[in-house]
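Peer 1: This is what each chain is made of:
There are 2 protein chains.
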Amino acid sequence: MADCPLCQTSPHDLLWQDDFCRVVLLQDADYPAYCRIELLAHIKEMTDLPPAQRARTMKVVFAVETAIREVIQPDKINLASLGNKTPHLHWHVLPRFEGDRHFPNSHWGAPMRDSEAQPLTEAVRDALQRVVTERVKCALES
Amino acid sequence: MADCPLCQTSPHDLLWQDDFCRVVLLQDADYPAYCRIELLAHIKEMTDLPPAQRARTMKVVFAVETAIREVIQPDKINLASLGNKTPHLHWHVLPRFEGDRHFPNSHWGAPMRDSEAQPLTEAVRDALQRVVTERVKCALES
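Chains as they are written, first to last, in UniProt numbering: chain G, 1 to 142; chain L, 1 to 142.
Among the clues, some could well be false.
[To be verified] Heads up, simulated BS3-like pairs for lysine-lysine below, C-alpha to C-alpha not over 27 Å straight-line: (1) G:Lys137 x G:Lys85; (2) G:Lys76 x L:Lys44; (3) L:Lys137 x G:Lys44; (4) G:Lys76 x L:Lys137; (5) L:Lys44 x L:Lys137; (6) G:Lys76 x G:Lys137; (7) L:Lys85 x L:Lys44; (8) L:Lys76 x L:Lys137; (9) G:Lys137 x G:Lys44; (10) L:Lys85 x G:Lys85; (11) G:Lys137 x L:Lys44; (12) L:Lys85 x G:Lys76; (13) G:Lys85 x L:Lys76.
[What the hints assert, rightly or not] Example chain G residues on the side facing chain L (calculated, C-beta under 10 Å, incomplete): (14) Cys7; (15) Lys44; (16) Glu45; (17) Met46; (18) Trp91; (19) Glu98; (20) Ser106; (21) Gly109.
[Claimed, not checked] Listing some non-contacts, in silico: residues in chain L with all C-beta distances to chain G over 10 Å: (22) Leu14; (23) Leu40; (24) Leu79; (25) Gly83; (26) Pro87; (27) Pro104; (28) Asp114; (29) Gln118.
Everything labelled a hint here was simulated from the structure, so no lab data went into it.
The C-beta atom is built at its ideal place from N, Cα and C for all residues, glycine as well.
Taking the hints into account, I'd like the entire structure generated from these sequences.
Peer 2: Shown next as structure tokens:
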């Protein structure tokens, strides 16, 4: 759809993509390892997908969660698919730390403190891409 | 765990339960059909579960989404598993309407207007329980 930002080429750092979905690193200032899984097709709800594609989507989501946990060891993972503003299926995979800007609130909620987040180093960003790629490949083959 | 509220008997309206998880209606004043899927075991992250149990959890989540869409036809479904305050796996399945209190923001975000939500009628609540039960049973058998 012409007016849907997720139907365009992503402006974000692309970590992995196949013909079904892509994994991007949002380069969020407060949450430097914040990833998003975006379906390529303009589909609104998970239950608009047939069950096999729901399962495929979640395999990618959990592979990204696994990769993030392996590379940066967050205190908690937050998963969400809202789409109120952009009703094109996408999943937020957000590593949380106890000292992050909103913890323990949702990152959509009230801030609790100033952010002390630092951008990912190039080495960590590259490790994240490598491990995401490995974990997604493994998940989709299982 | 003694200090985990989700390790206790639920204070909410129980729609469905098996030996793995339960579905409760939160009776939220702003979001009367807000449901939560709660694992019975005290597990923190989806990727702490083996893949088959992740899939089982998501089948229940999507069955509840299907039931809510069938019974109340929301404008959007929001799915989330955060657990920052209660690190015991649970999924929020939240039907959203364009005129609800926070739309199009997250319901954890800034309110946009006063809520005009009305409690579910007994007939709708009972329909929701019936359809959740049917859809979950069907999903777990497939």
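Peer 1: Each hint: holds or not?
Peer 2: So, going through the hints one by one against the coordinates:
no.: 1; hint: G:Lys137 x G:Lys85; in the structure: violated (30 Å)
no.: 2; hint: G:Lys76 x L:Lys44; in the structure: holds (8 Å)
no.: 3; hint: L:Lys137 x G:Lys44; in the structure: holds (25 Å)
no.: 4; hint: G:Lys76 x L:Lys137; in the structure: violated (31 Å)
no.: 5; hint: L:Lys44 x L:Lys137; in the structure: holds (25 Å)
no.: 6; hint: G:Lys76 x G:Lys137; in the structure: holds (24 Å)
no.: 7; hint: L:Lys85 x L:Lys44; in the structure: holds (11 Å)
no.: 8; hint: L:Lys76 x L:Lys137; in the structure: holds (24 Å)
no.: 9; hint: G:Lys137 x G:Lys44; in the structure: holds (25 Å)
no.: 10; hint: L:Lys85 x G:Lys85; in the structure: holds (26 Å)
no.: 11; hint: G:Lys137 x L:Lys44; in the structure: holds (25 Å)
no.: 12; hint: L:Lys85 x G:Lys76; in the structure: holds (10 Å)
no.: 13; hint: G:Lys85 x L:Lys76; in the structure: holds (10 Å)
no.: 14; hint: Cys7; in the structure: violated (18 Å)
no.: 15; hint: Lys44; in the structure: holds (8 Å)
no.: 16; hint: Glu45; in the structure: holds (5 Å)
no.: 17; hint: Met46; in the structure: holds (6 Å)
no.: 18; hint: Trp91; in the structure: holds (9 Å)
no.: 19; hint: Glu98; in the structure: holds (9 Å)
no.: 20; hint: Ser106; in the structure: holds (4 Å)
no.: 21; hint: Gly109; in the structure: holds (4 Å)
no.: 22; hint: Leu14; in the structure: holds (23 Å)
no.: 23; hint: Leu40; in the structure: holds (20 Å)
no.: 24; hint: Leu79; in the structure: violated (5 Å)
no.: 25; hint: Gly83; in the structure: violated (6 Å)
no.: 26; hint: Pro87; in the structure: violated (6 Å)
no.: 27; hint: Pro104; in the structure: violated (4 Å)
no.: 28; hint: Asp114; in the structure: holds (18 Å)
no.: 29; hint: Gln118; in the structure: holds (21 Å)
The structure fails hints 1, 4, 14, 24, 25, 26, 27 (numbered hints given earlier, in ascending order).
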